[in-house]
Amino acid sequence: MNYEELFSSLSALEKDLKDSVKAADRLFKTAQKNTADGNMPELIKALSQLSEVSSQMGDRTGAVLKEAKAFDTKAYFVSGDFTRQLLDACEERGIDVKGEKGVYEMFPYKVRIYGDDEHAEEVWINRKKHPSVRPSAVADTIKAGQDKLRKAKFNESSFMKELSEAYDTTCMKEGLRAGSTLSLTKLYKTMTPMARARKEYDMQAFAFDLARVYEKGPEAWNSPDGRSFIFGTSRDGKSGIRVLSSAGTETYITTLRPLSAE
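Okay, so the sequence shown: first residue is 8 according to the working numbering, each after it adds one.
Hints were generated in silico from the structure; no laboratory data involved. Treat the numbers as computed from the prediction; the structure is a model and nothing was measured. Worth double-checking, as some hints may not be accurate.
As the list claims (entries may be wrong) - Label-pair distances were calculated between CB atoms; the ranges are:
1. Y259 to T176: 23 to 31 angstroms
2. E74 to E169: 47 to 55 angstroms
3. D103 to P231: 31 to 39 angstroms
Said to hold, decoys possible - Calculated lysine to aspartate or glutamate pairs in the EDC-like style (CA-CA distance at most 16 angstroms, straight line):
4. K158 to E222
5. K150 to D103
6. K81 to E129
7. K150 to D95
8. K81 to E128
9. K245 to E129
10. K223 to E181
11. K108 to E129
12. K52 to E21
13. K76 to E21
Glycine residues also receive a C-beta, built at the ideal position from the N, C-alpha and C atoms.
Based on the sequences and whatever the hints tell you, model everything.
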């Protein structure tokens with residue numbers, strides 16, 4: 008199954024339907040004018056033509072509806088066709104994809120595709136259900152979101168200020184010495200102590216901010232009090248937060264500590 012084939016069929020049928028709608032609108036306006044003018048012969052003529060066009064419009068609407076209903080969306084997802092075509096569309100748009108079995112990271116988005124019998128026909132981008140079942144449209148949404156995030160202004164100083172404050176708070180709460188190495192996932196939880204905060208600023212958003220400050224390099228990894236920090240990284244990707252640079256370079260960032268703690 009392929010949605011693009013359905014799209015082509017529906018587009019052709021909708022073109023005919025559009026012609027009928029335009030004709031009906033034109034005849035209705037003619038009937039209104041003749042009513043205002045009191046031109047009964049022309050009014051009856053316009054209404055008769057409108058009746059014929061309306062019947063045609065009903066037939067064409069039925070044809071579009073029949074074609075749409077014939078597409079088995081559930082089978083499209085369960086078969087894996089939707090997923091394969093989405094991944095192809097992402098590749099065409101240069102979207103980096105990592106994952107398998109319906110759970111993918113398209114940095115900084117988490118994309119989940121439910122194609123089992125119980126939860127078929129669902130695509131979730133982060134925590135929001137996406138209504139489209141057209142792979143190319145979903146890929147376009149992700150690409151547009153990525154482009155928008157990359158173009159948004161980012162203040163690395165403000166981010167490092169919040170990160171360093173979370174570092175200090177965590178050390179104090181856990182009775183750790185200054186200079187300890189702390190995991191970034193732990194710092195994220197300190198930064199977002201409430202579930203509502205994590206919903207407004209989820210891990211994907213945190214990872215995206217990390218990616219931007221990490222790409223700036225060590226000269227940007229400073230707190231307002233003058234401390235310089237260093238990020239720890241991992242090669243296996245099991246314990247780190249995956250980030251991508253603007254050039255698509257993959258890094259797993261794991262920890263944060265003051266540089267003076269070396």
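Distance restraint hint 23 to 31 angstroms, applied to the beta-carbon atoms of Y259 and T176: 24 angstroms, holds
E74 paired with E169, Cβ distance criterion 47 to 55 angstroms: 53 angstroms, holds
Hinted pair K81 and E129, Cα distance within 16 angstroms: 9 angstroms, holds
P231 and D103 - C-beta distance against the hinted 31 to 39 angstroms: The hinted range 31 to 39 angstroms holds for D103 and P231, with Cβ atoms some 33 angstroms apart.
Pair hint K150 and D95, alpha-carbon separation not exceeding 16 angstroms: With a Cα-Cα distance of about 13 angstroms, the restraint between K150 and D95 holds, given a limit of 16 angstroms.
16 angstroms limit on alpha-carbon distance, applied to hinted pair K158 and E222: 15 angstroms, holds
Straight-line alpha-carbon gap K245 to E129, limit 16 angstroms: 28 angstroms, violated
Given pair status - E21, K76, alpha carbons within 16 angstroms: Distance ~15 angstroms between K76 and E21 Cα, so the pair holds.
Straight-line alpha-carbon gap K223 to E181, limit 16 angstroms: 30 angstroms, violated
Pairwise hint evaluation, E129 against K108, where the allowed Cα distance is 16 angstroms at most: 14 angstroms, holds
Straight-line alpha-carbon gap K150 to D103, limit 16 angstroms: 10 angstroms, holds
Holds or violated: K81 to E128, with C-alpha atoms at most 16 angstroms apart: 6 angstroms, holds
The structure fails to meet hints 9, 10 and 12 from the earlier list, while all remaining hints are met.
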